[in-house]
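Asker: Residue numbers (the working numbering), protein chains in the order written: chain A, 1 to 113; chain B, 114 to 227.
One thing to keep in mind: the hints can contain errors.
[Claimed, not checked] Okay, the calculated bits of chain B under chain A, using three or more residues with CB under 8 Å as the criterion:
| hint | region |
| --- | --- |
| 1 | 122-132 |
| 2 | 213-222 |
[Said to hold, decoys possible] Ranges of calculated distance between the beta carbons of each label pair, as one might list FRET restraints:
| hint | chain 1 | residue 1 | chain 2 | residue 2 | range |
| --- | --- | --- | --- | --- | --- |
| 3 | A | ALA2 | B | TYR152 | 34 to 44 Å |
| 4 | A | ALA96 | B | SER127 | 38 to 48 Å |
| 5 | A | THR70 | B | GLU155 | 40 to 50 Å |
| 6 | A | PRO83 | B | THR184 | 32 to 42 Å |
| 7 | B | LYS173 | A | GLY97 | 38 to 48 Å |
For the record, the hints were derived by calculation from the structure and aren't laboratory data.
Note that beta-carbon positions come from the ideal geometry of N, C-alpha and C, so glycine has one too.
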Amino acid sequence: NAGVTQTPKFQVLKTGQSMTLQCAQDMNHEYMSWYRQDPGMGLRLIHYSVGAGITDQGEVPNGYNVSRSTTEDFPLRLLSAAPSQTSVYFCASSWAGSGYEQYFGPGTRLTVT
Amino acid sequence: GNSVTQMEGPVTLSEEAFLTINCTYTATGYPSLFWYVQYPGEGLQLLLKATKADDKGSNKGFEATYRKETTSFHLEKGSVQVSDSAVYFCALFNSGGSNYKLTFGKGTLLTVNP
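Build the full structure now, drawing on both the sequences and the hints.
Answerer: So this is what it looks like as structure tokens:
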């Protein structure tokens, strides 16, 4: 199993550009989520999904969109990048059978100039 | 809502010292509790977990006990090594209703010197 994969690993955007961060898992987990990690702030939940076709907002959803058309994929879209979105983004998946233990991807480091 | 408070670092110890990182939480219902570790330049990985009151999670010499009466999940290790240097995150997961979320503490940076 590849586990949770994220692409790209690094990205630089200009203010106003849009892009999609990709996340995929091959463990058939029903729950997937996106976090951002900023110095001194820990990890903050952006959006999450409890199954294909079902998504909900987390703590910091503004400026981001998600969709979940398949169990495996959970892309995160930045609609119009802003410098405040400079961060490291982590995708994670989990399932009820493990008490929702999260399996994290390796992260995407995004810089918005 | 849910919240996690963990002791702020950084924490600096000598090798073989005893480690405690305090973690307390507020939550409705019966959350699962976790400790995650992040080594430099890497993503997060699960260190240990406990899914109900009085459970003790353990892994790699680390332990934490789910104390519902004190709403705590303190992380301990009897003898730390240089390789334990990392950031440690306490987290809780609540499921059901509108509460399907993992909430993290802000992390504690541990540095272990030889």
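Asker: Confirm or reject each hint.
Answerer: Here's how the hints hold up against the structure:
no.: 1; hint: 122-132; verdict: violated (count 0)
no.: 2; hint: 213-222; verdict: holds (count 8)
no.: 3; hint: ALA2(A) with TYR152(B): 34 to 44 Å; verdict: violated (20 Å)
no.: 4; hint: ALA96(A) with SER127(B): 38 to 48 Å; verdict: holds (42 Å)
no.: 5; hint: THR70(A) with GLU155(B): 40 to 50 Å; verdict: violated (27 Å)
no.: 6; hint: PRO83(A) with THR184(B): 32 to 42 Å; verdict: holds (38 Å)
no.: 7; hint: LYS173(B) with GLY97(A): 38 to 48 Å; verdict: violated (23 Å)
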